[in-house]
Each structure stands twice: as structure tokens, then as C-alpha cells.
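Take a look at the letters that make up each chain.
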Amino acid sequence: MRQPGMYSGMLSGLSGKTGPHSLPLARIKKIMKKSGDDVKMISGEAPIVFSKACELFIEELTRRSWTTTMQGKRRTLHKDDVVSAVVATDIFDFLVNLVSEPPNAADEDAPGGTSDTEH
Amino acid sequence: MVFGGVGGPDFDGMACMQAMEVCQNSSLPPADEPIDNNDRRTTERPGGGHGGRGGVREQDRYMPIANVIRIMRRILPPHAKISDDAKETIQECLSEYISFITGEANDRCRQEQRKTITAEDILWAMGKLGFDDYIEPLTIYLNRNREIEGGRTSNSLRREAFYLNKRGNASNTGGMDYYYGPPPPTLGMLPPCAPPHHQAVGYVDPSAAAAMGTYYGVGPSTGSSSSSDNSPPQATLAGFDPFTPFKY
Chain A
1 MRQPGMYSGM LSGLSGKTGP HSLPLARIKK IMKKSGDDVK MISGEAPIVF
51 SKACELFIEE LTRRSWTTTM QGKRRTLHKD DVVSAVVATD IFDFLVNLVS
101 EPPNAADEDA PGGTSDTEH
Chain B
1001 MVFGGVGGPD FDGMACMQAM EVCQNSSLPP ADEPIDNNDR RTTERPGGGH
1051 GGRGGVREQD RYMPIANVIR IMRRILPPHA KISDDAKETI QECLSEYISF
1101 ITGEANDRCR QEQRKTITAE DILWAMGKLG FDDYIEPLTI YLNRNREIEG
1151 GRTSNSLRRE AFYLNKRGNA SNTGGMDYYY GPPPPTLGML PPCAPPHHQA
1201 VGYVDPSAAA AMGTYYGVGP STGSSSSSDN SPPQATLAGF DPFTPFKY
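Residue numbers (the numbering used here), protein chains in the order written: chain A, 1 to 119; chain B, 1001 to 1248.
This is chain A alone, in the form it adopts within the complex (with noise of 0.2 Å):
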């Protein structure tokens, strides 16, 4: 497995210092604020934990989906195998619905298309 390297861990944050996070906190915060209409106002430390509670999300999805790859005896991680991961998890269920929808066509032409009419 590709381990990052002392200096180039630190500066993805695994080391745990403050400084350059794995993931934007502008666009955590941007994304928190999309979620409700009266999301006002957020601490300056709820983006930097988010930003390693995304790593941790990301790390078990990655985990769980790539269990069922192998099933599969294959190498390359499938978007079916994403799905079957958040079937098989209880606290994924909130992403059912999002990852059980049709793909996004690139083109827009094809009837219900667009997946925000659904729900």
C-alpha cells in the first residue's frame, strides 16, 4: 500500500498539526452551509474536524466497498460495489437513495434525467 512519506504526511495532515488539512475547510464549510437554509453560523473548528471525519468516511467506504470487489476476484473498484457497501452498512443508510439512483447521463436529453425530483 502507498504510504505517504514523513514530510509529504505532514503536510496531508496525518501528523495531526494544524496547517494544510487533507480536505478544504472552505469547501467543508461551503457544503455545511449548503445543508440547510438557516445554517448561520460555524466554528472554526467544525470544518477541521470534518475534514478528518470525511478521511474516516471515506477510508470505511473505500474499506467495505473494496470487500466486495475481491468477493468478485476483480482489481478495479466498481460503483456497484460502492452501492453494496452502503446496502450492507446500517449507518449508511442515508446514502441509499443517492447511490441507488440512475447514473447522471452526460446528456441531459434522456427522460428523468435529473435526480432532484424524485425524492
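Hints may contain errors.
[Unchecked claim] No farther apart than 25 Å at their CA atoms in a straight line, the calculated lysine-lysine pairs in the DSS-like style are these:
#1 A:Lys40 <-> B:Lys1115
#2 B:Lys1115 <-> A:Lys30
#3 B:Lys1115 <-> A:Lys34
#4 A:Lys40 <-> B:Lys1128
#5 A:Lys30 <-> B:Lys1128
#6 B:Lys1115 <-> B:Lys1128
#7 A:Lys73 <-> B:Lys1081
#8 B:Lys1081 <-> A:Lys79
#9 A:Lys33 <-> B:Lys1128
#10 B:Lys1115 <-> A:Lys33
#11 A:Lys40 <-> A:Lys30
#12 A:Lys34 <-> B:Lys1128
[Unchecked claim] Partner residues are not named here, just some residues of chain B that face chain A (Cβ under 8 Å, in silico):
#13 Glu1092
#14 Gly1130
#15 Asn1145
Because the hints were derived from the structure by calculation, they are not lab data. The beta-carbon is built from N, C-alpha and C at its ideal position, and this holds for glycine as well.
Dock chain B against the given chain A, drawing on the hints supplied.
Below, chain B without anything else, positioned relative to chain A:
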């Protein structure tokens, strides 16, 4: 004449450092957001073309895909490949996760009539929504960050700036730095080009000296311990011998 202020370190560098901290947490697109040419969503439909998404840019709704992939690769064996649709799906799931947790945290804040979502609210929401396993590592991470950040109050930034400055200055005065100008006029303290223990004259007025590049003796020599050295150390002053008045 211009002094840097009593205690030279009190300069704009501190404001710079504080500005840097602000910039890191601002909502302006920061330098740490990579421009990701491989992310479909950042290169296509910058206006957010899909119906119903309003004016929201697609790239603002998701974390940069390069970062997501990098984290995935920590888990996967080196030979593993990831299909594009898997990458995008995880990217979407991630945004949904952030919204999900934030929504719950925000509900709690609203109920308790608080306006700001704190890190504690986030941790609480994670516990409530089943992500208990995350709470401990997140708490450790947060506390570690707080320890580091706790040292960087405005006072310690001031000290930091002072010591950084001090290290850059070879002066052996052992006292205040003269980075921005002569030191405050103190008996025995002399401008940087004249190490005090070599100086055989008495008190000089450094402000006057700095302004006019000359030294004015104001009394008989105080006779320092190394009084054998009578030669003027400031030979750099073109031909000017400040000890002339004292030669009897």
C-alpha cells in the same frame, strides 16, 4: 526620525500572521483548493447546468476528487484500480455525509437557541447518527489541534515574532533589537555598530547619533573593564574620530 516603537518586534509581521490565519479559514477560494482537471464536475457546466440546482456551481457541492482519491488509496492495495463512477459516487456520498451530520447538528443548535455550530455539536450529531466509532479519534484529533492552536494566542505570536527577529540579527547587545531603529536611550546601551564593552566613552545619545551619524561625548570616559582599547571601533565613519574631544 522613525523608530520601530519601543520593543522593535511590535511590527506588522504580527498582523501578517493573523491575516494568514484568517485567510486559511475564510470562504474565499483558498490556495489549498487544488485545480482538478480530472474532475468532471469542475470542468463541465460551470454554471450548474442540471435543472433544479439553481446558481450553485457543481464544484462547490463536492470535495475535490483528487483529495478523495488520495484518501481512498491509503486503504487500497497498490495494484487496485478505481472506476470513475466509483470515484464520483464516493465524492457524492461524502457531501451527503457532511450535509447529514450538519443538519442534525444544526437542529440541535436551533433547539437550544444557539447560532453557531460548534465542533461539539458535530461530534454529538455523529454519535446520534451511529458514527460512534469516529468520536474517539476525532476527539483526540481535536484536542491535539487545540493544544497546538492554544499556544498561538496573540501574545505568543508577539513573542514568536520577537524571537524570529532576534535570531536574524547578529547583534550581541543581549537586549532589545535594533531592527527598526536605535534602541531607547539607555545608559550603557549603544547603537548596533558599537558593541558596548569596547566603547570607552560615556553615555551618548543614540537618537542624536543615529540622526547625524556622529557621537557626542557628554562626560569623561566611564572607564569600562576593557579600557585598554582606546581605538574607536567605529572606523567605518569616514575619517571621523569621535574621541577627538577627549584627547588631552
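So, going through the hints one by one against the coordinates:
1. A:Lys40 <-> B:Lys1115: Holds: A:Lys40 and B:Lys1115 sit about 7 Å apart, inside 25 Å.
2. B:Lys1115 <-> A:Lys30: holds, 17 Å
3. B:Lys1115 <-> A:Lys34: Given pair B:Lys1115, A:Lys34 holds - Cα atoms ~16 Å apart, limit 25 Å.
4. A:Lys40 <-> B:Lys1128: holds, 22 Å
5. A:Lys30 <-> B:Lys1128: holds, 23 Å
6. B:Lys1115 <-> B:Lys1128: Answer holds: B:Lys1115 to B:Lys1128 is near 20 Å, not above 25 Å.
7. A:Lys73 <-> B:Lys1081: Since the Cα atoms of A:Lys73 and B:Lys1081 sit roughly 13 Å apart, the hinted pair holds (cutoff 25 Å).
8. B:Lys1081 <-> A:Lys79: holds, 12 Å
9. A:Lys33 <-> B:Lys1128: OK: A:Lys33 and B:Lys1128 at ~20 Å, within 25 Å.
10. B:Lys1115 <-> A:Lys33: holds, 13 Å
11. A:Lys40 <-> A:Lys30: Since the Cα atoms of A:Lys40 and A:Lys30 sit roughly 11 Å apart, the hinted pair holds (cutoff 25 Å).
12. A:Lys34 <-> B:Lys1128: holds, 21 Å
13. Glu1092: With a minimum Cβ separation of about 6 Å from chain A (threshold 8 Å), the hint on B:Glu1092 holds.
14. Gly1130: holds, 4 Å
15. Asn1145: holds, 5 Å
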